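Asker: Residue numbers (my numbering), protein chains in the order written: chain A, 4 to 118; chain B, 526 to 1016.
Please note that the accuracy of each hint is not assured.
With beta-carbon atoms standing in for the labels, derived distance ranges [what the hints assert, rightly or not]:
1. A:Met31 to B:Pro544: 29 to 37 Å
2. A:Thr107 to B:Leu542: 37 to 45 Å
3. B:Ser1015 to A:Val85: 31 to 39 Å
4. A:Leu91 to B:Ile925: 28 to 36 Å
5. B:Pro544 to A:Leu81: 47 to 55 Å
6. B:Ile925 to A:Leu81: 46 to 54 Å
7. B:Tyr623 to A:Ala92: 16 to 24 Å
8. A:Gly89 to B:Leu542: 17 to 25 Å
9. A:Ile84 to B:Ile925: 50 to 58 Å
Beyond 12 Å from chain B on every Cβ pair, some chain A residues (computed) [to be verified]:
10. Lys61
11. Phe67
12. Pro76
These are calculated hints, taken from the structure and not from any lab test.
Owing to the predicted nature of the structure, the values given are computational and were not obtained by experimental measurement.
All C-beta atoms, glycine included, are put in the ideal place defined by N, C-alpha and C.
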Amino acid sequence: MAFTLCFVLFMVGLYGVLSKKNMVKIVMGLVIMNCAVNLFLIMLGYKKGGVAPILEKKTNLADFLARSVDPLPQALVLTSIVIGLGVLALTIGICIRLYEKYGTFDITEIRRLKG
Amino acid sequence: MNRLPLFVAVPLFLAFLIPVLGRKWKTLPDILGNLATFFLLLLSLSILGISGVYAVGGWPPPLGIVMVSDGLTTLMLLIVALISFAVTLYSIDYMELYTSKTRYYSLFLLMIAGMNGVIITGDLFNLFVFLEIASIASYALVAFGCQHEELEASFKYLVLGTLASTFILLGIAFMYGTYGTLNLAHLARLISENGSTAATKCALGLFFVGFSLKAALVPFHAWLPDAHPSAPAPISAMLSGLLIKSIGIYALIRLLFNVFGFTPLISHILITLGILSMVVGVFLAIGQWDYKRLLAYHSISQIGYVTLAIGLGTPLGILAGLFHLVNHSVFKSLLFLNAGSVEYNLGTRDMKKMGGLQEKMPVTNATSLVGAFSISGLPPFNGFWSKLLIILACVQAKNIPAAVWAVLVSIITLSSFTKVQRYVYYGKLKEEWKDVKEAPQTMRIAMVMLAVCCVLMGLLILPGPRNAVLTPAVNALLAGREGYFNLTFSR
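Next up, chain A with everything else stripped away, as it sits in the complex (with noise of 0.2 Å):
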């Protein structure tokens, strides 16, 4: 179920991406596909029940490796949610800029660039 939405939230972002004129929305479906993406990643850890994965000394540790989450996605996602947010601000950047220039967000109107 919850992999289901987390396809949905992807194709709604993508959706978003291919067919919005507006440069602010197309923007805001890269955002959501990438969390999307994101959500996946850390459900592939994810255990109902588990703990957080600190491994103390008195733990035992058969006990810890069946409960624990995988720590692995946890990093990747922080890792990539960094990456997302250099390109999110270039993106918004590069979005000011145009409307200074063209004075429009609308990305039909901006095409000076044909052949």
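Starting from the known structure of chain A, arrange chain B on it as the hints suggest.
Answerer: What follows is chain B alone, placed relative to chain A:
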């Protein structure tokens, strides 16, 4: 292989050092940028053909991140270093047209760090991170002029590039969810032991779409003809010559041959994409009057050749494909630098307004002629030998239609470049270009250097140089999953 991390560390460190120091000393960015690329050139020559593994932080694979070097890696590192050295040399004078050299060199070195990272990494997620570093730097560099066209092209490139990265990340998530590891060699072993599941096939499809978008194969090419011409000329040379190959083609073939395993279906898809790119690219190029836009369409076409040849999957096909990849890096960078030097002096890229520049710009004319001969495959230049090998490989693999298309596209390429030479360099000099001068010294040196490479690289067809440079790269791909696993876990 303790030298391996330097390929990423040096450009990455300098990329952040230059903005700090460049504010005080104005010539420092030029010096540091050129020294960095020259150092990388020497470094890549010193490890040519040597294979080895470096475990980052001392953690052995598959737990830690590894950097793997084999024949293909060292070949790609060498070509990246060679082109980027020529380009930094060229940038010294060319980038005077723009305002901020410190930022330019900073982004430039970040892009090199990203590309080198993609080439040497042996870890799937690490590959994604470096790919994003290279991509983000290239988005910013395309928009470097901050004029109407540059920003528009950059936005288009950014949206499609980010879409591609998201697909690749989703593919990585599928792979991790199925096999529980991110090390490429370990993944290869697990896939060959357990067979592929539906999730693997899904991930393979996502990687295909993602990397094809990055490599601008038809039908994923829409961003390239806008992005490559809009960037400053040295960056166009970098993007067309290196970026689409190292983060597109290289990453794709590394995954296909060494991780997923090469199957007839994959071969079929690659051949189809290759022929499609080859034909569509060249036909779109014919009608162009913008100098750099024409070159950008030819990039799509030539990348089609590379994909077709590697897609054949035979030893001769892979050899031809890699040979053409290397050659294309050199002559396409050269042609973009020529276009840049014309634009530097004339301030326009419209070929209808030019004419008769051969007497005013003899060096640019001569080097452009070498580049044009190479790309259209005239002997004795490097492009001729690699195209000949591609056609022979197609015939050997009993794929006659592909061979016919390869010949036809080559002829159309020749006619297209005859047009370039005719309208830009020959004919009568127009009155308004009476006072045009030849490009400055460093720009001339860079162009001549690449032109000499165009002639010399024809020698790679001879058995001696071929066995030293190209054959290890072919063997690295042909070794498949087994060979890659043994190399990574050799310690």
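Asker: Hints numbered earlier in the text: which of these fail when held up against the supplied structure?
Answerer: 4, 5 and 12
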